[in-house]
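Put chain P on the given structure of chain G with help from the hints.
Number of protein chains: 2
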Amino acid sequence: MNIMENAEKECAILGSLFQGIVNEMKNSSTLWEDLVSKANKMHLQLKSTIITFSLFLDAFQRIADLATNTKGATKDIGTALTRLILRHKSIEQKLKYFTNSFIETFIQPLNDCIEEWKKSANILDKDHAKGLKDYKKLRNELRKKASETIKLQKKCKKLPKHDILHNKLNSAIQEVSNYYGMLEEREKQALRSAMIEERSHFCTLFTLLKPAMELEISLASEMSHVEDLVQCLNKNTSDPHCLPLSSEQVIKDLKGIDYSTIVAFKTPPSSPGSLSSRKSSVCSINSISSSSSNSTNNSRSPNHKQSQLKQHQSQIPLPIPHQFCHLNANRTLSMP
Amino acid sequence: MNIMENAEKECAILGSLFQGIVNEMKNSSTLWEDLVSKANKMHLQLKSTIITFSLFLDAFQRIADLATNTKGATKDIGTALTRLILRHKSIEQKLKYFTNSFIETFIQPLNDCIEEWKKSANILDKDHAKGLKDYKKLRNELRKKASETIKLQKKCKKLPKHDILHNKLNSAIQEVSNYYGMLEEREKQALRSAMIEERSHFCTLFTLLKPAMELEISLASEMSHVEDLVQCLNKNTSDPHCLPLSSEQVIKDLKGIDYSTIVAFKTPPSSPGSLSSRKSSVCSINSISSSSSNSTNNSRSPNHKQSQLKQHQSQIPLPIPHQFCHLNANRTLSMP
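For the record, the sequence lines run as chains G and P.
Under the working numbering, the letters of the first sequence match residues 1 to 336, in that order.
Under the working numbering, the letters of the second sequence match residues 1 to 336, in that order.
What the hints contain is simulated information worked out from the structure, not anything from laboratory work.
Treat the hints with caution; some may be incorrect.
Below 20 angstroms or equal to it, Euclidean Cα-Cα: the simulated EDC-like pairs (lysine to aspartate or glutamate) are [unchecked claim]:
{"hint": "1", "chain 1": "P", "residue 1": "Lys210", "chain 2": "G", "residue 2": "Glu222"}
{"hint": "2", "chain 1": "G", "residue 1": "Lys26", "chain 2": "P", "residue 2": "Asp65"}
{"hint": "3", "chain 1": "G", "residue 1": "Lys210", "chain 2": "P", "residue 2": "Glu227"}
{"hint": "4", "chain 1": "G", "residue 1": "Lys252", "chain 2": "P", "residue 2": "Glu5"}
{"hint": "5", "chain 1": "G", "residue 1": "Lys94", "chain 2": "P", "residue 2": "Asp76"}
{"hint": "6", "chain 1": "P", "residue 1": "Lys252", "chain 2": "G", "residue 2": "Glu227"}
{"hint": "7", "chain 1": "P", "residue 1": "Lys210", "chain 2": "G", "residue 2": "Glu5"}
{"hint": "8", "chain 1": "G", "residue 1": "Lys210", "chain 2": "P", "residue 2": "Glu33"}
{"hint": "9", "chain 1": "G", "residue 1": "Lys41", "chain 2": "P", "residue 2": "Glu227"}
{"hint": "10", "chain 1": "P", "residue 1": "Lys252", "chain 2": "G", "residue 2": "Glu10"}
{"hint": "11", "chain 1": "P", "residue 1": "Lys89", "chain 2": "P", "residue 2": "Asp58"}
{"hint": "12", "chain 1": "G", "residue 1": "Lys210", "chain 2": "P", "residue 2": "Glu5"}
Computed beta-carbon distance windows for the label pairs [stated by the list, open to error]:
{"hint": "13", "chain 1": "P", "residue 1": "Arg83", "chain 2": "G", "residue 2": "Glu116", "range": "46 to 52 angstroms"}
{"hint": "14", "chain 1": "G", "residue 1": "Lys168", "chain 2": "P", "residue 2": "Asn234", "range": "54 to 60 angstroms"}
{"hint": "15", "chain 1": "P", "residue 1": "Thr79", "chain 2": "G", "residue 2": "Ser224", "range": "26 to 32 angstroms"}
{"hint": "16", "chain 1": "G", "residue 1": "Ile164", "chain 2": "P", "residue 2": "Glu248", "range": "39 to 45 angstroms"}
{"hint": "17", "chain 1": "P", "residue 1": "Gln108", "chain 2": "G", "residue 2": "Cys232", "range": "24 to 30 angstroms"}
{"hint": "18", "chain 1": "P", "residue 1": "Asp58", "chain 2": "G", "residue 2": "Asp58", "range": "33 to 39 angstroms"}
{"hint": "19", "chain 1": "P", "residue 1": "Glu115", "chain 2": "G", "residue 2": "Gln108", "range": "55 to 61 angstroms"}
{"hint": "20", "chain 1": "P", "residue 1": "Glu141", "chain 2": "G", "residue 2": "Thr79", "range": "22 to 28 angstroms"}
{"hint": "21", "chain 1": "P", "residue 1": "Asp58", "chain 2": "G", "residue 2": "Ile51", "range": "47 to 53 angstroms"}
{"hint": "22", "chain 1": "G", "residue 1": "Asp134", "chain 2": "P", "residue 2": "Asp58", "range": "42 to 48 angstroms"}
{"hint": "23", "chain 1": "P", "residue 1": "Lys9", "chain 2": "G", "residue 2": "Lys47", "range": "55 to 61 angstroms"}
{"hint": "24", "chain 1": "G", "residue 1": "Lys47", "chain 2": "P", "residue 2": "Asn234", "range": "24 to 30 angstroms"}
Where chain P lies over chain G, by a calculated footprint (3+ residues, C-beta under 8 angstroms) [to be verified]:
{"hint": "25", "segment": "49-63"}
{"hint": "26", "segment": "67-79"}
{"hint": "27", "segment": "96-106"}
{"hint": "28", "segment": "196-207"}
{"hint": "29", "segment": "214-220"}
{"hint": "30", "segment": "241-247"}
The beta carbon of each residue, even a glycine, is placed where N, CA and C say it ideally should be.
Excised from the complex, chain G in its bound form:
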């Protein structure tokens, strides 16, 4: 009897698919628990990273303050460094938001879900197993009904077309068909439930992960702003021998100095006798004038200090008297 074999085969396939999915769900709980465990470790790691990051930024800010509050010529770099650090403070803040979201909206709810999912997979499995016990009873009933229907069919062949037994046959066929349909539909519903249950786990996984992912995107956006600040600092620091105009002005005529901050020495410095030991100081005039043409080379060097020293070694100072005559050509004495 083909209908019965086909129906049994189809139900077996549906049942096997159902069982496969339920087994997957039951066997996967260790993997989910492992994910939560690794995520927890990641969260702790992120928390301590934020603390270390914050301490690093504070130390960096003290260096930037050094540059900003200097008596020297680094205020512009100090300001740019401070902007870079403030941007990284924002990055730190976004990382905090991400880390909080990671534990609060992802790890903790996911951990709760795993327990729920274990229960629901077990319920699906138990219900299905209960159905298996009833299956034999149903199969016998179906076989009996099918056999009666075949007998009825044989009888009907000999009877006239409008005999009452034809109606009985049709209703018997309908009944057997309904039983098989019900059996198959039940398996289909079980399979659909298992599929939806399993799919809902992964949907929940992503739904819980999404807020953290959105904060990660926001973190990335915050980080991308670093680019402008790096370009700005790149300009400021490309040639360390080139002092800012304001500093050159200070050296040239002491204008722009806040005299109130100056504590004059009782015995102010320098004598021509120690001039030879100052070679490098004098040389820096040459290196400054030449640095504009060499700036491309300097910016390629990772350590400006070294390139600066090399320049000092390779260049010969201008003859001192000539230099002074030139510088003081227009100087006149003001007498009392």
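Quick look at chain P alone, frame taken from chain G:
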């Protein structure tokens, strides 16, 4: 004599500025050392974060594989999750590059520089201090020369315009002027050297930091790609009750199933007797048909599982016989 007082005042200011900058450099070495120390801690922290991140991603990949290799209806989510994880593997790689650069091109060279900077600040200071000793000798010489010049000036007032003493006066004025000019120029050069030395420290700081910053920007760019993947997963997971078409097809007529993977049960499942315990399975037809209209509400809920359960509780199943009659209306018996 104003010229002398003015020159001494200017030299004092220049000397004070020089000393201020050199003192800043000498006193700041603890701050620089603190920066290196905090950066070292940050580097160690990043290294352990990468390991933890990698383990977390591996655990996540096992969950994504679960979704991809399932017998159920989650292959699309599994594929999308795998893409998200692969993107995060790239992020992990970029974080590794950043971390390596942070120690190799920033921390280690900066640490070397701090030692160099200590030496160069000390050299600047020593040279300047040596100049201070010679200062008194120079000042006396200058005062003598200035006093001689004043006497000469008084004499010249009484002499005719073209007397030879006028030339002597001019040359004396020039000589005193040159001395002061030399003294001042020497202080200016010392100040410029100190400024350039200090500025070069901050330029070097940024030059060393730049490669890591560029890798941070590259990391940000890698992270920003997460957005597309999140949007894709958002679509896939917005309604867990809505199975993919391929899965619906499997349930509907078992087409598209790889029969070779199916191990049929000896006693396949289900009986009408256990139908009452399966209420929820039958209900899912209703919840599926209603889920399309409720999908907006579902996607707002953080836990699909809960919304799914609520739907099951609130909806009444279709009457079973009616359902089967409808489903099996066209079914005919095939007899042997």
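**Request:** Starting from the hint list further up, note which numbers the structure goes against and sort them upward.
**Result:** 5, 6, 7, 8, 9, 12, 13, 19, 20, 21 and 27
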